[in-house]
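S.K.: As a plain string of letters, each chain reads:
4 protein chains.
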Amino acid sequence: MGIKTKDEYIESLRSLNPVAYMFGERLTNIVDNPRLRAGIEATGATYEMAQLDPGLMITTSPLINEPVNRFTLPPSTLEDLVARVKVNRKLANYVGTCPQRCTGLDCLTALAVVTYNVDQKYNTEYFPRFQEFLKYMQKNDFTANAGVTDVKGDRSLAPHEQVDKDMFVRVVEQKADGIVVRGAKAHQTGSLSAHEIIVLPSRAMAKEDKDYALAFAVPADTKGLIHVVGRSTLDMRELDGCDIGNQYYSKYCPTLIFDDVFVPWERVFLFGESEFAQDMVVKFSALHRQSHGGCKAGKIDCMIGCALTMMDFNGTSKVGHLKEKVIDMIHRAETLYGCCLASSYEGTKQPSGTYYIDTVLANASKIHEGKEMAEATRLMIDACGGFVADLPSDRDFSNPEVGDLLKKYLKGVDSIPVEKRIKMYRLAEKLALESADTISDIHGGGSPAAHRVTIFRETNVNDKKKAAKRLAGIKE
Amino acid sequence: MGIKTKDEYIESLRSLNPVAYMFGERLTNIVDNPRLRAGIEATGATYEMAQLDPGLMITTSPLINEPVNRFTLPPSTLEDLVARVKVNRKLANYVGTCPQRCTGLDCLTALAVVTYNVDQKYNTEYFPRFQEFLKYMQKNDFTANAGVTDVKGDRSLAPHEQVDKDMFVRVVEQKADGIVVRGAKAHQTGSLSAHEIIVLPSRAMAKEDKDYALAFAVPADTKGLIHVVGRSTLDMRELDGCDIGNQYYSKYCPTLIFDDVFVPWERVFLFGESEFAQDMVVKFSALHRQSHGGCKAGKIDCMIGCALTMMDFNGTSKVGHLKEKVIDMIHRAETLYGCCLASSYEGTKQPSGTYYIDTVLANASKIHEGKEMAEATRLMIDACGGFVADLPSDRDFSNPEVGDLLKKYLKGVDSIPVEKRIKMYRLAEKLALESADTISDIHGGGSPAAHRVTIFRETNVNDKKKAAKRLAGIKE
Amino acid sequence: MGIKTKDEYIESLRSLNPVAYMFGERLTNIVDNPRLRAGIEATGATYEMAQLDPGLMITTSPLINEPVNRFTLPPSTLEDLVARVKVNRKLANYVGTCPQRCTGLDCLTALAVVTYNVDQKYNTEYFPRFQEFLKYMQKNDFTANAGVTDVKGDRSLAPHEQVDKDMFVRVVEQKADGIVVRGAKAHQTGSLSAHEIIVLPSRAMAKEDKDYALAFAVPADTKGLIHVVGRSTLDMRELDGCDIGNQYYSKYCPTLIFDDVFVPWERVFLFGESEFAQDMVVKFSALHRQSHGGCKAGKIDCMIGCALTMMDFNGTSKVGHLKEKVIDMIHRAETLYGCCLASSYEGTKQPSGTYYIDTVLANASKIHEGKEMAEATRLMIDACGGFVADLPSDRDFSNPEVGDLLKKYLKGVDSIPVEKRIKMYRLAEKLALESADTISDIHGGGSPAAHRVTIFRETNVNDKKKAAKRLAGIKE
Amino acid sequence: MGIKTKDEYIESLRSLNPVAYMFGERLTNIVDNPRLRAGIEATGATYEMAQLDPGLMITTSPLINEPVNRFTLPPSTLEDLVARVKVNRKLANYVGTCPQRCTGLDCLTALAVVTYNVDQKYNTEYFPRFQEFLKYMQKNDFTANAGVTDVKGDRSLAPHEQVDKDMFVRVVEQKADGIVVRGAKAHQTGSLSAHEIIVLPSRAMAKEDKDYALAFAVPADTKGLIHVVGRSTLDMRELDGCDIGNQYYSKYCPTLIFDDVFVPWERVFLFGESEFAQDMVVKFSALHRQSHGGCKAGKIDCMIGCALTMMDFNGTSKVGHLKEKVIDMIHRAETLYGCCLASSYEGTKQPSGTYYIDTVLANASKIHEGKEMAEATRLMIDACGGFVADLPSDRDFSNPEVGDLLKKYLKGVDSIPVEKRIKMYRLAEKLALESADTISDIHGGGSPAAHRVTIFRETNVNDKKKAAKRLAGIKE
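Chains as they are written, first to last, in this note's numbering: chain A, 4 to 479; chain B, 4 to 479; chain C, 4 to 479; chain D, 4 to 479.
Okay, chain A solo, but in the shape it has when bound (with noise of 0.2 Å):
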């Protein structure tokens, strides 16, 4: 037990067996799957930079007292608040795409907040269940992936006004021992490479909705549990092992599937207190809004490099207009970052002990990604020239009898060998049309306008109407 290694946590994933689907065909081995292999080793950089920076990556819990990997801890200092979004974009740096363990940590997070105050109002025992099963998260150093989305039906229909009410996740059945549960989560990214799904509900509940009213956790590979991975731009790159641009890392998104999905109670962590449910969520997403701003400042950081290295190949290095349009990349990586630094700095710290963040400025980084993303993605299109759509393959590269006449053609900066300036095209291709990262930039941690709707909701408004109404000269 302790901090684990890449290697040893992809040797534990081995030991998992979930139920999977790719393609319309049963997987049976998941880890040496070359397309969920990119994924896996993306959360696996997590576990390698817990090796190659220490300082960065690893502290002590003061749950178990023992040193964890920051991806099991919820904060318990401002400092590990502030740890939060440095972690994130070195991290999206490194592999070029989301880590996706982030997710996870949100949920734990957010549930380490809730939990207690559920108990403090219904003398329930969540908050200490979670306690224990947090220990074994941080023990085992395991990867959890969040549950949050559920599929929804007919978006105008509450949970329980759904024809068919299993479009949102619930229980199905109460036992002596736990539950059964029923729905659907979408978009889990990562979840094959996580060894726990966190269930937590997706949106606010009124008491009609009670049965929805649910966060819990199961293994990955529980019974019932059915992950269905679903089709992204670039996925038969990686499955045929060609033009491939980022060569180490992607990113998959399954639906997951609760079919009659059995939870002991030490698992349960709500369980129809409907007014928590909003409560949850709102935590939740609120940090999973901040992970993003961290984590998507770090791939500018790739685009920027990208760009600039394009550039180079290409002899445009000292265009202006170039050069202006890199700027516009590095400011909007530098306000979703400032945005998610200030948004821990201003954290406080919650009755649980758990420290959370400012809630309007997490969101104010969100709705910057939601538009900005596709702006430094254009942006970098821009940069790079039109190969990054229609770059012949590797494998007309290496034909022989077309290959040296692309290469000959495809050469720009002649001091730059070839073989470079086609490796960053990919490499752009990559980090500009990969859908499971182009649509997470929009939707990642809800819609846009749940943004929008919060930072409303948590700003003081009057204040700001009775200064204005100060200067103006009117007397309430």
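These aren't lab readings, by the way, just hints derived from the structure by calculation.
Treat the hints with care, as some may be off.
Pairs involving identical chains hold if they fit within one copy or between any two copies, as the list cannot separate such chains.
Unchecked claim - Dumping the calculated BS3-like pairs for lysine-lysine here, alpha-carbon to alpha-carbon at most 27 Å:
| hint | residue 1 | residue 2 |
| --- | --- | --- |
| 1 | K374 | K326 |
| 2 | K472 | K423 |
| 3 | K226 | K411 |
| 4 | K410 | K423 |
| 5 | K89 | K352 |
| 6 | K89 | K9 |
| 7 | K178 | K210 |
Given chain A, work out where chains B, C and D should sit, using these hints.
M.R.: What follows is chains B, C and D alone, placed relative to chain A:
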């Protein structure tokens, strides 16, 4: 001869035997290759529409005095100029991607204007030569493909300064009956769907670049011409015949290598008159940027339809912020359309008799496109939801073990069959994430910086200064 | 009678005797009040330009079969529609602000379309009445002013629901020879520069709002009509005759109170036909939004001239990022111009014989204006420098103690006399910070939200849905 | 001595006798001039707030070991850095404009960092001199004003290349007891509200510009110093005492002429060490750009309050698109705040012991400000309505003939007294259209281009390139 049906068009391609590679292999059957066929079908739609809507698509050529498809007619009236925009919007809406026949028309039009001017100065005979070629195109209703974008090597160097002199297409030998050319052209959208390749210079040329100041046409399967089809994000979908979002159409973009290709004199339309290289590329570019405007308005129309239908299927058609996003999409479509229409309506007759558009307004449209297509796409993704990125495969939906579960959980509004919703998500994925489209929005018709330079160069800034000085009371 | 010169126009205003207030005082001489005169001069430019450029400004009215200034002619051909845009761009560039005569023409045009339609339904005689009025306007070359924007009271209530029933202009008495109206219209740009005030409803009306479904015209000095000139940012400059940036022209905006004004029947053009209120205001609004587009393109032209001249004077004309900002300004001007031109070119003949524009394209232009005029202004300020805000007074420059020092230190490029630079800064201040212009960019022709609602309502979204469904393979 | 009250501050200004001009006249009483007084009151609020919220505003100076107002304290801890942002936001919200005391603090801080570094290299004694000056400032709780922006003459020439050598402040004579300086500084916001003027270089200096590499401090009324107050949009309102939107506060910006001003050696903090000129201006600028961020967040808070109150008064508080616009405003305020807070939290201790901010994050904030304050203002105008531009004068409302009519018609929601609505419109006008604020949003702390150059220069782009190369599989 005369106007072809779609079937005749496709059959006519079978008689061509171009040298083509894809994924490292020599292609033997272009027309029946599912990936290329989807592109051919898109061009085929320009023939199909001539049957469906002849009033829009067919007019009489004053050159041959016969009815022709508008895609072979350099505008001979203001109405022809206006029809360009309406044709492009309608067709792009019909195919949901680029119909891939406008580049040829834009070349024909640029040549119809500039060859005449060259002849006036140099007493050459390019214009009559070109007219013969044009007759041939019109009588056969052929599709031409524009070869403009040289591979360029080191962008900081002029053509003649390159270490490898072949980085721009150039003449390497002059013979009694013609010339031999060498070089490569990139991003040749639809080159295998065309009968003829028309080559124009890609930039202004100085005297020293005389060998590069070339315009000519060759059959798509002429000796020495090699098409290497580039990769794009969703190319394997079409090859696999599975998870294809757009049921009928797609786009592909080869790199085209001119490996010492012979061009007979009657097909040479510029040969060393360096100072006309700029005029040719500027004219072509303005025309092509305008073609984009109509086309992309039509594609946004599709994306609007996709977003609104998905909102119907998701139960979100009444959600205010989503409706606002649709309005933002409409606004972008109409802006492109408005600027391009105005560019046509304000067109003028050139000395050769051909009508030519207003350059500033055409470029104003393209500046919007370069930025706003990405935004329209982002808005569509926002309105549709996260499954744009990670929808399970059709094969998963057909899988006997997991298919029914997926169909249960992927349902939106209860009254809409789940299959419809899945299909619309697939279309959204294709509309949003087909790299051949995405990058063309940015780089098609030249880079965004080129469009900006053009509107500045073509604007009479002195008049504006004078107006300001008068109002300020400054006597010159 | 017939076309007036600018002098004749100004003299004609002297014969009017409107009730007007400004800064708390009753005004006795409108024409020679320096503040109002600067506005009158702007409208006067529409008369002056008729002499300077009759080809642009004068055409023959089919109604009176005499030459008329275009500002009195509802478009009777497509060419007339196109001329609207070109006239507005040229004039606004000439005066550097709003020429303040388009609102009247936009009313005349809306009435020329809608009164005919009302008559068709109700067998009323509004159209012939209106034609008589129009003849009078044309023969005298009069300026009309549009009274549209009611003061509105509580915006959440319909006219008839207001506590004070006078918050929208309404009929309060019906007499044998006419009606008595009461209410107030806000933001009446140039009402004291006009001979006639034309009143239209400001919103759709329900049956219960019958008393508010009114259109009519009254002389600007009719009994009971009160003009109260509002404050604007730079109003004291004109009154003081010092530190005036625009040497000739300005703009002012009264609130207009109808304190029981009698309107004879021959001047009543809508009276209770509630369902046509919407048509009238929608038509007027679309026309007026289009008028804005041409006009603001012309104002941006001025701002471009100001920025470029200031760059010459500052020694920054070669600075890359400033040139890019000028390009951004050009792009905005051309976008407004392009959308508005297209809106005219795509216009259609209405049942009454009057030509009417494409509504969607007109509103597309106004959406840009509402956002982008502020951006164009910001860019001009950026290019000019900080003295746009805090240039010392001309009186400081004339002060014997400090004037020479100021002239020494305010110099830019040595070869340019300091006086020129100071004058151009004053113009920049006026172009950037005249509130009557700034707010009109946003709210003129209705609020930005109204423009958005319009393009959605006028767009055929079902066709777009159909196109998407076909491509997705969804059978309806 | 010690911390002053607002009254003591204002009294202390009476003992100064600066040479000042406004509207061509020599000013004799600064403090009671209504226009200048409104600015002095804004600075006075920094003293008032020290009484109202000492926890925020007062801390102990390690230099004099006494409590000081934060505006005299170069940050000596990370907490001090953070307090900067919170102080500025709170104060700007309190006064609704610029409190005009931050420039002095930003100079003190830059000097506290850089003078030490100069001494280290040249064995000079600037740092101890500066500390004596700082003690004097702290013990007297004085306000300092930053004189940075030289008038610059021809922007394409360096200081020593100008035809008139005085276009940047320079030393013209060296004496035993000090130096004589000549030149002018523009945009000296609040120079007459300050006790001391601190002059820093406005740009990097080459060796040849040695005479311009100067930093020093002089009393605001020292011999040879001339303040010429510039015009701003609403200046006459304050002088007239009528139609003042902000009841208490305003801003004014003189040009400051140094007409051979003597500076004793003990007040000279840089003298010819050219290579430190850049360091000084870069440090000052970054600090000042960060001051802006906190300040403008506070001003947006006011604008939000104004918009929301006006919506209450207009009956539009439930209108969806207006609420979205308020959210857009909140988002902008929080972005500035977040980036600036992060800039402080990530600050570092400098060799002199003073704490200094993260430059990139400070500039990231300012880039937003330069663009987004204009947008926030536009949004406020949109939410408030057209009377922001053309509200009748208070004198009209008091006029016995027309006042009651105006009050009747200017009413919004019936339950709100019309006077309140009128006052809030006046405030909106002031918030939106005070040129001294508007232009400062863009040019304050250097032009937008300068902020962009800074974030590029301060970013480690090589690390980003390395990360991209690793992922692309490129070995260096």
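S.K.: Report the numbers of all earlier hints that the structure fails to satisfy, in ascending order.
M.R.: none
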